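Chemist: Sequence:
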Amino acid sequence: IAKELFFTDASAKENDTQFCLCKKWQSSKFFLINQDGSISLMISNENDMKDEEHEFLKKAKIEVLCRAVGVPEAKKDAITKKLCEGEFKHYVLTYDNILKMINIVFNIRSNLPTVLMGETGCGKTVLIKYLACATDTELEAVDIHGGIDRTHIHEIIKNCKKRLKPMENMVESKENESQRNPKEIWLFLDEFNTSPDIGWFNELICNHSLDG
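With our numbering applied, the sequence shown has no gaps in its numbers, which climb one by one up to 219 at the end.
Derived by calculation from the structure, the hints in this document are not laboratory data. A couple of the hints might just be wrong.
Distance ranges between label pairs, derived from CB positions [as the list claims (entries may be wrong)]:
| id | residue 1 | residue 2 | range |
| --- | --- | --- | --- |
| 1 | Ile212 | Asp43 | 17 to 27 angstroms |
| 2 | Ile40 | Lys169 | 49 to 59 angstroms |
| 3 | Asp43 | Asp156 | 17 to 27 angstroms |
Pairs of lysine-lysine residues, derived as DSBU-like cross-links and limited to a Cα-Cα distance of at most 35 angstroms, are as follows [to be verified]:
| id | residue 1 | residue 2 |
| --- | --- | --- |
| 4 | Lys190 | Lys88 |
| 5 | Lys190 | Lys89 |
| 6 | Lys136 | Lys68 |
| 7 | Lys66 | Lys131 |
Keep in mind that this is a model prediction, so the values were computed, not measured. Every residue gets a Cβ at the ideal spot worked out from N, C-alpha and C, and that includes glycine.
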């Protein structure tokens, strides 16, 4: 499996000999049989994988995410299809992102302030959109960096409350099991740290109140 490569650095003043041990993986794929009876596939170059193999691995990770966030079996196939197509077709779902999503869901369900931190363009917005799709929750994303002030936020929250009223009146029954989460709308305030009203956003996010 490995080849040993030996070379001498002739340019060294003291004629020191340097050794380099390099491993070169075979181009063939490796199938690993695990103790639990499952079979894993190890490939040295991801470009050698077929589209079907990429799709299989992606769906396996989506299955882990759906189980962790409690997606009902009746919705699982439809949600998996959404996450594999459309705007999320090229989204790379990693287990690190899955852990982050689980943490976000637990915070939201515990009614805790949830703040995503990271550099601009690191994937915070697409991560929360992906999670909202996975949990079948309606998402309202607001770009604060685009000049949104208090008046706009008040209007957005007012509209969200109007949309929540008919959802709260929905009666749990078999007829509406396949519908969207009946009692939640996630309001995602993107780049709110760029606003001069940071104290006001602190009240909104941490105290869940507006102007007292």
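Chemist: Hints first: check each against the structure and report whether it holds.
Modeler: Do the hints match the structure? See the list:
At roughly 43 angstroms, the beta carbons of Ile212 and Asp43 sit outside the given window of 17 to 27 angstroms. Checked against the hint of 49 to 59 angstroms, the pair Ile40 and Lys169 passes, with Cβ atoms roughly 57 angstroms apart. For the pair Asp43 and Asp156, the supplied restraint of 17 to 27 angstroms is violated, since their beta-carbon distance comes to about 56 angstroms. The straight-line distance between the Cα atoms of Lys190 and Lys88 is roughly 23 angstroms, inside the 35 angstroms bound, and the hint therefore holds.
A threshold of 35 angstroms between alpha carbons decides the hint, and for Lys190 with Lys89 the separation of about 21 angstroms falls inside it, so the pair holds. Restraint check for Lys136 and Lys68: the C-alpha separation of about 17 angstroms stays at or below 35 angstroms, so the hint holds. Restraint check for Lys66 and Lys131: the C-alpha separation of about 22 angstroms stays at or below 35 angstroms, so the hint holds.
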